[in-house]
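Q: Sequence:
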Amino acid sequence: MIGRGGFGSVYKGMLETTPGQLKNVAVKMLDTSGHQGDKEFLVEVLMLSLLRHEHLVTLFGYCAEGDQRLLVYEYMPFGSVEDHIHGYGSEEEVLDLSTRMQIALGSAKGLAYLHNVAQPPVIYRDLKTANILLDHGYKAKLSDFGLAKFGPSGDMSHVSTRVMGTHGYCAPEYASTGKLTTKSDIYSFGVVMLELITGRKPIGDACMGAKRLLVNWALPLFRDQEIRKIADPMLSIQGHHYMEEAVERALVLAYMCLREDANARPTVKEVVEALDNIVRFIERKKKKKERNIGYGRRVELEKKGAVAVSSPKETTRMLSVNEIEVEVEVEEEEEDLERERAVADAKNWAETMRALRRQSNEPPKQTTP
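Residue numbers for the sequence shown follow the working numbering, so the first one is 764 and each next one is one higher.
Calculated from the structure, these hints are not laboratory results. Warning: the hint list may mix true and false statements.
Here are the simulated distance ranges between beta carbons [stated by the list, open to error]:
| # | residue 1 | residue 2 | range |
| --- | --- | --- | --- |
| 1 | Gly900 | Arg925 | 36 to 42 Å |
| 2 | His930 | Gln988 | 39 to 45 Å |
| 3 | Glu1007 | Gly850 | 22 to 28 Å |
| 4 | Arg925 | Arg1047 | 43 to 49 Å |
| 5 | Phe913 | Glu1036 | 22 to 28 Å |
| 6 | Lys1050 | Thr821 | 31 to 37 Å |
| 7 | Gly783 | Lys1051 | 47 to 53 Å |
| 8 | Thr781 | Val926 | 42 to 48 Å |
DSSO-like cross-link-like pairs, simulated, lysine-lysine; straight-line CA separation at most 27 Å [stated by the list, open to error]:
| # | residue 1 | residue 2 |
| --- | --- | --- |
| 9 | Lys1052 | Lys1032 |
| 10 | Lys1051 | Lys902 |
| 11 | Lys902 | Lys1048 |
| 12 | Lys1049 | Lys992 |
| 13 | Lys1032 | Lys1048 |
| 14 | Lys912 | Lys942 |
| 15 | Lys1032 | Lys1049 |
| 16 | Lys912 | Lys964 |
| 17 | Lys1032 | Lys872 |
| 18 | Lys912 | Lys1052 |
| 19 | Lys775 | Lys902 |
| 20 | Lys1051 | Lys942 |
| 21 | Lys902 | Lys786 |
| 22 | Lys775 | Lys802 |
| 23 | Lys1048 | Lys872 |
| 24 | Lys902 | Lys1032 |
| 25 | Lys786 | Lys775 |
| 26 | Lys964 | Lys902 |
Predicted, not measured: the structure shown is a model, and the values here were computed from it. Backbone N, C-alpha and C define an ideal beta-carbon position, used for all residues, glycine too.
Make a model of the complete structure from these sequences and hints.
A: Here it is as structure tokens:
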């Protein structure tokens, strides 16, 4: 057994794809006496039969005989994001900021497919770290579609439905009225972003004291720009200016997703674009830092006589003048793009801070579904 939840148990198995060829699979055995009954089983089979995307888990098959309800998925070797962030696995590797933002980006791309490409559009309704699974290379894939709903059609602005989902992730307007829109998923994504940034659980984390909801704990600190207090200590951002800046950008995005007014939240397309900018920013800064460290290390060794000072001919052989010029040109282009993105981020930041000042000191309230 590799997992257990309210739906039942998940086992690792082997599936013969061609004669003599076996493939690892995950087999979900539903507990039909639990909260996920026949309806949710059929919804998941229907959704995953219709939907195909690199950031959604693949359903290989199912079994519905007698009381047995089995779903056979592709096997995700790195477990769930929840396992890594909250240390449920005994040997889980600590995820660095770059990996966390890549996971957020992959998850957002999966959500973008559901909202913008699938016909009709699909509202996920149960976006949480436990449902984001990780393939090789920490590639994120959305799973568990038993609560998914087809989005509104025609002139309808929302879908009215019984409130379902997980406390701590539900959008306040959905939890209080049962009116479901794609912006409900965006709110849940904001909570996932906070988990990735803070390393804290969405509800009941002991470190949050009386503020039992992660949203209620994090947003006042964000208003006061207490970035280091919010960030997961395992990220070790202190002393790394670019990492603090990246965390700040990620928090701005999370706050926008968590706005109480659903119409003020970004679309998933805007979320993907913002995360893509954050990932590019981190990777470019990391690359530049590594290059500077490598150059500094070589100069230090040359001074100590550990390596020979390169002759012009040797230097030209290692890195030609043309290569240097190309590298500088590329870096200048990247910096120009980064400045453009910084201007856009600054505008978003200014808008966010104005909204923060207009709000009272109390963060958005969340109603228990």
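Q: Each hint: holds or not?
A: Structure-based check of all given hints:
{"no.": "1", "hint": "Gly900 x Arg925: 36 to 42 Å", "in the structure": "holds (38 Å)"}
{"no.": "2", "hint": "His930 x Gln988: 39 to 45 Å", "in the structure": "violated (29 Å)"}
{"no.": "3", "hint": "Glu1007 x Gly850: 22 to 28 Å", "in the structure": "holds (24 Å)"}
{"no.": "4", "hint": "Arg925 x Arg1047: 43 to 49 Å", "in the structure": "holds (46 Å)"}
{"no.": "5", "hint": "Phe913 x Glu1036: 22 to 28 Å", "in the structure": "holds (26 Å)"}
{"no.": "6", "hint": "Lys1050 x Thr821: 31 to 37 Å", "in the structure": "holds (33 Å)"}
{"no.": "7", "hint": "Gly783 x Lys1051: 47 to 53 Å", "in the structure": "holds (49 Å)"}
{"no.": "8", "hint": "Thr781 x Val926: 42 to 48 Å", "in the structure": "holds (45 Å)"}
{"no.": "9", "hint": "Lys1052 x Lys1032", "in the structure": "violated (30 Å)"}
{"no.": "10", "hint": "Lys1051 x Lys902", "in the structure": "holds (25 Å)"}
{"no.": "11", "hint": "Lys902 x Lys1048", "in the structure": "holds (22 Å)"}
{"no.": "12", "hint": "Lys1049 x Lys992", "in the structure": "holds (23 Å)"}
{"no.": "13", "hint": "Lys1032 x Lys1048", "in the structure": "holds (25 Å)"}
{"no.": "14", "hint": "Lys912 x Lys942", "in the structure": "holds (12 Å)"}
{"no.": "15", "hint": "Lys1032 x Lys1049", "in the structure": "holds (26 Å)"}
{"no.": "16", "hint": "Lys912 x Lys964", "in the structure": "holds (26 Å)"}
{"no.": "17", "hint": "Lys1032 x Lys872", "in the structure": "holds (8 Å)"}
{"no.": "18", "hint": "Lys912 x Lys1052", "in the structure": "violated (45 Å)"}
{"no.": "19", "hint": "Lys775 x Lys902", "in the structure": "holds (19 Å)"}
{"no.": "20", "hint": "Lys1051 x Lys942", "in the structure": "violated (47 Å)"}
{"no.": "21", "hint": "Lys902 x Lys786", "in the structure": "holds (19 Å)"}
{"no.": "22", "hint": "Lys775 x Lys802", "in the structure": "holds (24 Å)"}
{"no.": "23", "hint": "Lys1048 x Lys872", "in the structure": "holds (23 Å)"}
{"no.": "24", "hint": "Lys902 x Lys1032", "in the structure": "holds (19 Å)"}
{"no.": "25", "hint": "Lys786 x Lys775", "in the structure": "holds (11 Å)"}
{"no.": "26", "hint": "Lys964 x Lys902", "in the structure": "holds (22 Å)"}
When held up to the earlier numbered hints, the structure conflicts with 2, 9, 18 and 20 and fits the remainder.
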